[in-house]
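Model the placement of chains B, C and D on the given structure of chain A, informed by the hints.
4 protein chains.
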Amino acid sequence: MSHNSFGHLFRVTTFGESHGPAIGAVVDGCPPRLTFTRDDVQAALDRRRPGQSRFTTQRKEPDQVEILSGVLEASDGTLTTTGTPIGLLIRNVDQRSKDYSNIAGSYRPGHADFTYDAKYGVRDHRGGGRSSARETACRVAAGAIAKLVIPEITIRGALVAMGSIAIDRSRWDWEEVARNPFFCPDPIAAREMEGYLDGVRKSGSSVGAVIEVVAENAPAGLGAPIYGKLDSDLAAAMMSINAVKGVEIGAGMGAALLTGEQNADEIRMGADGRPVFLSNNAGGILGGISTGQPVVARFAVKPTSSILTPRRSIDTSGQEVEVSTRGRHDPCVGIRAVPVGEAMMALVLADHVVRHRGQIG
Amino acid sequence: MSHNSFGHLFRVTTFGESHGPAIGAVVDGCPPRLTFTRDDVQAALDRRRPGQSRFTTQRKEPDQVEILSGVLEASDGTLTTTGTPIGLLIRNVDQRSKDYSNIAGSYRPGHADFTYDAKYGVRDHRGGGRSSARETACRVAAGAIAKLVIPEITIRGALVAMGSIAIDRSRWDWEEVARNPFFCPDPIAAREMEGYLDGVRKSGSSVGAVIEVVAENAPAGLGAPIYGKLDSDLAAAMMSINAVKGVEIGAGMGAALLTGEQNADEIRMGADGRPVFLSNNAGGILGGISTGQPVVARFAVKPTSSILTPRRSIDTSGQEVEVSTRGRHDPCVGIRAVPVGEAMMALVLADHVVRHRGQIG
Amino acid sequence: MSHNSFGHLFRVTTFGESHGPAIGAVVDGCPPRLTFTRDDVQAALDRRRPGQSRFTTQRKEPDQVEILSGVLEASDGTLTTTGTPIGLLIRNVDQRSKDYSNIAGSYRPGHADFTYDAKYGVRDHRGGGRSSARETACRVAAGAIAKLVIPEITIRGALVAMGSIAIDRSRWDWEEVARNPFFCPDPIAAREMEGYLDGVRKSGSSVGAVIEVVAENAPAGLGAPIYGKLDSDLAAAMMSINAVKGVEIGAGMGAALLTGEQNADEIRMGADGRPVFLSNNAGGILGGISTGQPVVARFAVKPTSSILTPRRSIDTSGQEVEVSTRGRHDPCVGIRAVPVGEAMMALVLADHVVRHRGQIG
Amino acid sequence: MSHNSFGHLFRVTTFGESHGPAIGAVVDGCPPRLTFTRDDVQAALDRRRPGQSRFTTQRKEPDQVEILSGVLEASDGTLTTTGTPIGLLIRNVDQRSKDYSNIAGSYRPGHADFTYDAKYGVRDHRGGGRSSARETACRVAAGAIAKLVIPEITIRGALVAMGSIAIDRSRWDWEEVARNPFFCPDPIAAREMEGYLDGVRKSGSSVGAVIEVVAENAPAGLGAPIYGKLDSDLAAAMMSINAVKGVEIGAGMGAALLTGEQNADEIRMGADGRPVFLSNNAGGILGGISTGQPVVARFAVKPTSSILTPRRSIDTSGQEVEVSTRGRHDPCVGIRAVPVGEAMMALVLADHVVRHRGQIG
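Chains as they are written, first to last, in the working numbering: chain A, 1 to 361; chain B, 1001 to 1361; chain C, 2001 to 2361; chain D, 3001 to 3361.
The following block holds chain A by itself, in its conformation from the complex (with noise of 0.2 Å):
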């Protein structure tokens, strides 16, 4: 019940409000002698980073990264970890708070406000606070170390739909997923997008979306039984991304439309004497253990919750209002989900690999 931290052995903690001095997190139990670069945090906070197209919103954040600790840093600029925590920081600069300064008093519908009074009996409304999105450029930072924990697991994600708009998987093309600036993996799909994206901004609207995020050459043996399960750790942290209010492993909530012979992916020996399994139902993950095949995680975003129309709801007093939000926002908050369900799935297996080889790597 560590509401801020999320791992086991490699574990991240993080910090900071949307519009305080600054977010940051700790990441605990990396281990020691890897290399790597300001540069390479940095890239990852870059991909994830709002304002980069006219479909994320406008909030003018550098998101610069200053590593404070757990790394020794040589004259070129390298760092190697030591195994110590690495501290991470990252400065909030374009902070509007008077954008919600009218806000303050009132309840949006389909945030966190009303809860977060109902728990706390204070809050920091400005911006959404501890329950902002931007919490999640700190996952991004932290997912970057984890990276470097599993350098031979791939993880990609792409955003396979947005509202009534899926993509077409036959068409799928990971080199797709840079082209466009909704990461999605079909060039046709998202030429359709682009336009539906603009109709819901200008409208004011909002839509949601899912994204998937697929591990290529995770080892066998990931994982535990019962309430370790790797799919049980992976929904945990899909789950706990802002908005999120679905998750799916491999066939997902599709599985329960098959048949046993239909689901079970059968088993041949390949060419290179290793397993080899004719399809992936599993999603790569029998059991709670990982078979080896790729592990492929799906979660659906809910529309952002800050739409220009107004909506029905109840001031701190009880009284009943009208709310319309007139901050800067993202029409679908999706979008930059995926470089965090990328980062989640970094953090999930580095923090099994770690158990799996044990601390000294």
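Simulated from the structure, these hints should not be mistaken for laboratory data.
Quick reminder that beta carbons are idealized off the backbone N, C-alpha and C, glycines included.
Accuracy of the hints is not assured; some may be wrong.
Claimed, not checked - One side only, chain C facing chain A, incomplete, derived with CB under 10 Å:
#1 His2008
#2 Leu2072
#3 Ser2075
#4 Gly2077
#5 Leu2079
#6 Pro2085
#7 Ala2166
#8 Arg2169
#9 Ala2224
#10 Pro2225
#11 Val2354
#12 His2356
#13 Arg2357
Unchecked claim - Computed Cβ-Cβ distance ranges for the label pairs, DEER-style:
#14 C/Asp2076 to A/Met269: 32 to 38 Å
#15 C/Pro2151 to A/Arg169: 48 to 54 Å
#16 A/Thr37 to D/Ala3166: 36 to 42 Å
Same frame as chain A, but now just chains B, C and D:
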């Protein structure tokens, strides 16, 4: 990374294999001075017990629970919790180990045989050993204790889809759940399922299902920000159940299809001076914290992997083989997942309530 | 804050009261493919068992352990760990509850009666309930499993002082420990203790003791910085044993009397090309991490609080009373703490070794 | 096994090395709606700060704390906790790394140099890196937050022995603690220590000390049975402080010398209708749970390992060398351990109080 423990303050540790001498659970962190009887726990186990209809495995397990510690017994059999750990023991009785002799050396597709060997290099093959759904009896027994902690919260589960047969929500009737062997709340769908599953069973096949669990009257304020989110814990809980491949909260994966206007649950003041939400797409959780609305979780159970149809696989020496399972099995393991889902909901809520209220209760 | 679990990766959960039906333990995180027999565990329990000399309580507990899970049994009774949790059960047999009826309503000075009531508002008064040293049988059984994980490490404990009788360290002989009823390594001190304790016992009084536990051949590098220090874990472990009031590592409290020159253990290179420390004031731990020297922990056990001499106290209604204890008790509960201290050392080291090596071992 | 986190519900994570850019802490689980100012935290840091007398290291560290998150700031600078994690940052200023260049390749006896290399294969040698007592500034800052949670409890520490000079307890005066540079409660002993430590300092030697920390007005009922004992947590807490080799509760190691009659604290009813203990050998804890008496913990700090006298050691290549330390150091590191011990007591009690009361407070 406690593989066999679940929860934080209200915490359950289970042990035991399908075909060993016994299974059991230790319930730690249960508040003192709660009263119950052994029959309360037994009744919960009886609801999950196999062999009660032709649609569940014919294994005959009386599943008699013994309460070993953590209670004071009055002369009339009433038990009072003392705050110390409650040890629960269930002896295994009907262990036909010979049924499994033919698959000792093979990896059954869809089962954890391959992954347990990959991880541990050794495996109790009898009935799936630790990966057997038999472990869920411990969850149900522990869930009965958890319910003592939260008497004001009503937790009910239902099977809402079996294969391609989905219920009609306008016919939802909680009373109906106890009247058919499927825990199905829609009497017309239940009748359909009966014929459908008979066919599946006779053909030696199997089919998946979707379960929904609803907790009514949970207070607002349960849960926590970021990684201690109530929905994150629920996702981990439900995904830890055998054969589950997807978890949804409220609108779930379908949230991706909604617009911001459709999704955000509006709020009005009720006649009793308390906030009323006009819809529940959030499934009772905003920002990871309960709203006071019903908490709604849904999960998909894949079809039983043990089927009569031979499937291609390999054996432990890497030889290609065909495997079919002749043991006694459920044609739809999702049915018995209903009480298990209820138990997991109870465990998660009891854990958060203990945190909320403090230990003394 | 798991009240009844100890350890992180190699983790033990215990349950059971002194006078309930049974006590038991669940050992989670034990690596797979370790072999042992039930007799290995039983032998450890027999060493701690009461009633073996006139110097320990005359309660007759056979302490027969049943191994319920987590192992595969060969036809010759050899058990192989499977990596799944090992359930251990010990039935209580000799429960003379009536011995305690006279103190049901009173708080025995030095016992946990008052504090359990203050905390829980209810209490199993029979034999101290959960606060009874009977729980330590579970630690000893679990410790026998822990030793399987670290076969290269030799763990031995000894009683080094009883009341005012301290051993002469120049006479330390590990062989002697098994030859007297006190686990005392100094034969001359042991003889003195015999007469001394006979007097204590006959007068219905009790006396304290100091125990030393030494682990030889632990590798350098176990432990971790700051809050994961090996000595911090050992301090928690030893202080968790009933009646312990002080814990020392190496020079212990006496380190305060040393100068920097006296205290710092100098290092030379040994003939085998490995570092040799010229002294061991550090008790084998520097900065929380093992040096490769013997790990040395010491702890003080207060005198048994159950004595014949009447002591002033109050009852549960706040009336002033006098309490004397007529049940069967150890005149020096420190004696039986020796195997318990060894078990706790084994649990701590096994936990750190599993972390160091990884799960697979 | 969180190496850099302490506590369960009220939980502190620290990061940072002696000679890196900064050190810091994240305080998680702090209840909401507590008010304080930055000066409250700064004052605690100032009390621990080095360079305030000739008896502590002359390193000049202003130790200015920045509060990054978890609070709402009023216009008058008053901070109110929001229940979200409180990020604390302290920049390192006076980092004379060159002082350490001569010992980069050598293992200083008594320091963690050898063990960090054994564990991690890499080490920040500057000022001890992560093993430096500089980390304790984070504990003190976090401890200041912890004290907000338990305003009714008075926590005070004192140095009760330095080398062979022990205080006379009959002269104990809490007021005196602030009047001498040693936190010594006995004015006569304090004067003796002054001359003594001057000699030690001038000779380039060092000396150990014993610290006692007392918490008054803690309620009965804090702590838990078995492995969640309050004294077990305190032992872990105190032993985790740099250079600590022994921890005592109440009568401590001396409990071994007592008889049952002497040891058991008798109870009478006080004039106010509340129980009164007639002595406090238990140190305020019975069966791991607080009695309501003062909670008394004591710990021994070994002499500073950095001394001018050359000591025999080896270098990282296994060559035999002699090492002496010329950096700025405390002749008695135990002095500055007093506020650290108080902070650890506050952290443990706040953690248990949060558990006792529930999160909402």
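Those earlier numbered hints the structure runs against, lowest number first: Violated hints (numbers, rising): 2, 3, 4, 5, 7, 8 and 16; every other hint is consistent with the structure.
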